[in-house]
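The listed protein sequences derive, respectively, from chains S and C.
Residue numbers for the first sequence follow our numbering, so the first one is 237 and each next one is one higher.
Residue numbers for the second sequence follow our numbering, so the first one is 237 and each next one is one higher.
Honestly, the hints are just simulated from the structure, not real lab data.
Here the structure is a predicted model, which means the values were calculated and not measured.
Certain hints may be false.
No copy labels: a pair is met if it fits in one copy or bridges any two.
[Claimed, not checked] Only pairs whose alpha carbons sit at most 30 Å apart, straight line, appear in this in silico DSS-like list of lysine-lysine:
1) Lys564 x Lys258
2) Lys676 x Lys740
3) Lys299 x Lys286
4) Lys249 x Lys740
5) Lys740 x Lys709
6) Lys417 x Lys286
7) Lys686 x Lys356
8) Lys564 x Lys676
9) Lys417 x Lys295
10) Lys564 x Lys740
11) Lys740 x Lys715
12) Lys286 x Lys249
13) Lys310 x Lys433
14) Lys310 x Lys676
15) Lys433 x Lys715
16) Lys433 x Lys394
There are 2 protein chains.
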Amino acid sequence: MEGVDHLAHERSKAQFDVDQMKVVWVGSRHALQVSDRIARLVASDPVLRKDNRTMMTRKELFKNTLRKAAHGWKRINELRLSEEEASWFRHYVDQPAYTDLHWGMFVPFIKGSGTEEQQKKWLPLAYKMQIIGCYAQTELGHGSNVQGLETTATFDPKTDEFVLNSPTLTSSKWWPGGLGKAATHAVAFARLITDGKDHGVNGFIVQLRSLDDHLPLPGITVGDIGMKFGNGAYNSMDNGVLRFDNVRIPRDQMLMRVAQVTREGKYVQSNVPRQLLYGTMVFVRQTIVSDASTALSRAVCIATRYSAVRRQFGSENGGVETQVIDYKTQQSRLFPLLASAYAFRFVGEWLKWLYTDVTQKLQANDFATLPEAHACTAGLKSLTTSATADAIEECRKLCGGHGYLTNSGLPELFAVYVPACTYEGDNVVLLLQVARFLMKTVSQLPSGKKPVGTTSYMGRAEHLIQCRCNVQKVEDWLKPSVILEAFEARAIRMSIACAQDLSKFSNQEEGL
Amino acid sequence: MEGVDHLAHERSKAQFDVDQMKVVWVGSRHALQVSDRIARLVASDPVLRKDNRTMMTRKELFKNTLRKAAHGWKRINELRLSEEEASWFRHYVDQPAYTDLHWGMFVPFIKGSGTEEQQKKWLPLAYKMQIIGCYAQTELGHGSNVQGLETTATFDPKTDEFVLNSPTLTSSKWWPGGLGKAATHAVAFARLITDGKDHGVNGFIVQLRSLDDHLPLPGITVGDIGMKFGNGAYNSMDNGVLRFDNVRIPRDQMLMRVAQVTREGKYVQSNVPRQLLYGTMVFVRQTIVSDASTALSRAVCIATRYSAVRRQFGSENGGVETQVIDYKTQQSRLFPLLASAYAFRFVGEWLKWLYTDVTQKLQANDFATLPEAHACTAGLKSLTTSATADAIEECRKLCGGHGYLTNSGLPELFAVYVPACTYEGDNVVLLLQVARFLMKTVSQLPSGKKPVGTTSYMGRAEHLIQCRCNVQKVEDWLKPSVILEAFEARAIRMSIACAQDLSKFSNQEEGL
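Isolated chain S (complex conformation) (with noise of 0.2 Å):
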């Protein structure tokens, strides 16, 4: 058996045009050929290896990061590549890094709260990396309830300047990625104070280390939070903690496009709607759907190929064993897997059109749609992190005991991925919230407004309640619409059966 191609064999069964099928899964032809140009630069770049990871101590695995991007920052820019080649880049060097932060948060974040003069001052600085910044808004004490964060941001007057303070432990920013030694700046969130008035959470930007010899500015307390789970995994980040003890910005640091502060320290609501901030959150969630579906096909193949090559007991008169892929057991569980594979992959791509979509509505100032199209990433975040995590964990176990060895893959990549569940909106909350827009839809069913988008289903509620399951055979099965309509009558009849348990209750959130 051995030199043997196992999988050949395998593989020349394919029912499917394999390549047409890889431009289905890319997205296009084009797609396709730019991401396997890129993913052939980067498996051959020497600085860009990743197989001695699991090996490295932190102190090593930092300073790994660190290389990494500085090269791949030059490579981008002497090859000139385009956004789209340089966004292929990044996501195949796959390595948690401070840049992930720079890029997709501090910078998204400037461009959808910062005024045009902020944008103009700070963007130019962040697009060369002159400065790096972070996203430093949960705290210690203070993750899913953003608006109890207690930093706070308190206006003097005297100086036309913010004074910033971690008043207590539980104050302290805690988990940013970038700050813990790479950032020299920060979008920090604190509770806004102008004449002893406390206007709620908003955005300023500050500047925490030295940009001549990157060490911390008066007042700035600030460091890494230590080892996340995994060998290499996240631990490439520099997650960080941060207290400020009376540290003055300027005035015009405030990120200012929703509510400005006046020289007078007046505070004032602009006229930009606050819902254009939704946006952001559908853009941002929407590519989490997407590399769920990245993160689980690698689990899956990975588990899969082992099965195909992995033979166990069904021996007879000594010849080979059972192929392990040719188990029920194995496949009951790993099929499932490998279909949402695909599932989350073509949902991502509606999200990307429901983004469009919500930015169109949201310009023309028409917000009717937004709680749908909230409620829906909101819910297709949690189920897809959630179900990738445990499926990459399932896939790990689908390969017995070599699914515990780093040189599987499978460790490695529960590690960094299983954080999806919590970061952006911890999947628990997420899905809370969805139970509460599902509820609000139907208690307003009897008033007559029409559901929409993916809840317009709940404009049926009389037929779906009422009407029977017209399967006769197994074939029938096939038929989406059966399937849809089954799936419709169950969620409709779950939410009005959760609407009368929950109306048993004087307030509604005691449920909970």
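Dock chain C against chain S, hints included.
What follows is chain C alone, placed relative to chain S:
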């Protein structure tokens, strides 16, 4: 809030005698006292510190293991600890080490499978640790299917020796703990071949490394198989790979309690029944179930304390937020795991009784209850280890982002625990064994054969199939007899339905 003991208030509300519960948990007041005393001994010993394990390189970590093992051995002897005390000592050192296999597999296997003469020769050497043993069964290509092992031990009557060979890559021994670096000897499993005839798998004592310079002996290729899941976790263990190239051992190093090879090369079964070996399996699995409750209780303890201290949302008028333990969404995930930790503890105690019972019956040549006991331990091993692994990960998620830091203890607890789902019988394979036993039991019901032990309820199949649950009010569910009968009714109905489904296949194994 800083400096406040956030847990004191919660603890003051306990509605049971905490001290009494500790006794119930550990088993007796005596055991609690010993356990407490040894826990303090280990915790105060600077050599046995655990706080920096996740920061060490693999090499540092393995040196740390060697240091702890040598130090532990020295302390156990210096303090003249009893076997009970020494066992608690090793429990609290709590770092996977080659000694686990030496004491837990090598020594017991020689006891169980060696003749009196062999025990007299090898056990004193092992007890004094003049030799270090490992248990070399699993091969790269052969895990669950032990009968499929490829390594051969061919008797050479000319020299009165066995010749060991690993003819292929897949026949390499792969995984044995202690093999990679530490072991001088192995109990190695190989197909016994005499006069061209294959007698199946037997155990052999093989020296691997020189007792002078610890270098591998001629014909032995041996090494470590690399990094495993987690930062520290099982990376303190030297899981190894081993190949034999015409390695010769004297005939008397075949473990000969149940079968012998004579000087002439004749294969002879002894009059010791093979079933006796099952006693050891029941013993090992009983330990695994007890260990499950220990691992789970640690995780639940961390998550419960966190849930009491952590506050999020629900603040009214700027007051403190709600403790997350007061949310039903947290309770419904956490409390069943807490209950499981207790349930697994008690079922572990029951398995100790089962082991005693099986042992007594085996000694009286009574094998009637063995299949049921075997199915029972297989099912409980699978159930408790899968539930515990999933529960540790759930506890990690219940601590939100903080569970992702190794400082929470949970990532390491998961990574070090999860192999329990694979070793000593893969959980899916074990469940199939339970299923086969249940199907056999169902098939024998019409013949009037009385099911024994935990399956005796199946003898009441007719009643259970017809009976209706007579619960009238919610409180009725607090009666254990009601719950028990409900489970019995459900189990027998599902077993019979499954047997009927399987009867449609010409070969029952096709249903797998």
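Comparing the hints with the structure gives:
1. Proximity of Lys564 to Lys258 under the C-alpha cut-off of 30 Å is restricted to the intra-copy arrangement: shortest distance 27 Å within a copy versus 45 Å between copies.
2. For the homomeric pair Lys676 and Lys740, the shortest alpha-carbon distance inside one copy (16 Å) is at most 30 Å, but the shortest distance between copies (49 Å) is not.
3. In this assembly of identical chains, the alpha carbons of Lys299 and Lys286 lie at most 30 Å apart whether taken from the same copy (14 Å) or from different copies (26 Å).
4. Taking the shortest Cα distances, Lys249 and Lys740 sit within 30 Å of each other only across copies (29 Å), while inside one copy they are farther apart (57 Å).
5. Within a single copy, Lys740 and Lys709 get their C-alpha atoms only as close as 41 Å, which misses the 30 Å cut-off; across copies the closest is 19 Å, which meets it.
6. For the identical chains of this complex, Lys417 and Lys286 are neighbours both inside a copy (22 Å) and across copies (26 Å), given an alpha-carbon limit of 30 Å.
7. Taking the shortest Cα distances, Lys686 and Lys356 never come within 30 Å of each other, neither inside one copy (43 Å) nor across copies (85 Å).
8. Taking the shortest alpha-carbon separations for Lys564 and Lys676, only the inter-copy value of 20 Å comes in at or below 30 Å, while the best intra-copy value is 43 Å.
9. Proximity of Lys417 to Lys295 under the C-alpha cut-off of 30 Å is found in both arrangements, the shortest distances being 11 Å within a copy and 27 Å between copies.
10. In this homomeric assembly, Lys564 and Lys740 come within 30 Å of each other (Cα to Cα) only across copies, at 16 Å, whereas the closest approach inside a single copy is 45 Å.
11. Taking the closest pair of Cα atoms, Lys740 and Lys715 come within 30 Å of each other only across two copies (27 Å); inside a single copy the shortest separation is 39 Å, beyond that limit.
12. Neither within a single protomer nor between protomers do Lys286 and Lys249 lie at most 30 Å apart by alpha-carbon distance, with minima of 32 Å and 52 Å respectively.
13. In this homomeric assembly, Lys310 and Lys433 never come within 30 Å of each other (Cα to Cα): the closest approach is 47 Å inside a single copy and 66 Å across copies.
14. In this assembly of identical chains, Lys310 and Lys676 lie within 30 Å of each other by CA distance neither inside one copy nor across copies; the values are 52 Å within and 68 Å between.
15. Taking the shortest Cα distances, Lys433 and Lys715 never come within 30 Å of each other, neither inside one copy (60 Å) nor across copies (58 Å).
16. Taking the shortest Cα distances, Lys433 and Lys394 sit within 30 Å of each other inside one copy (17 Å), while across copies they are farther apart (98 Å).
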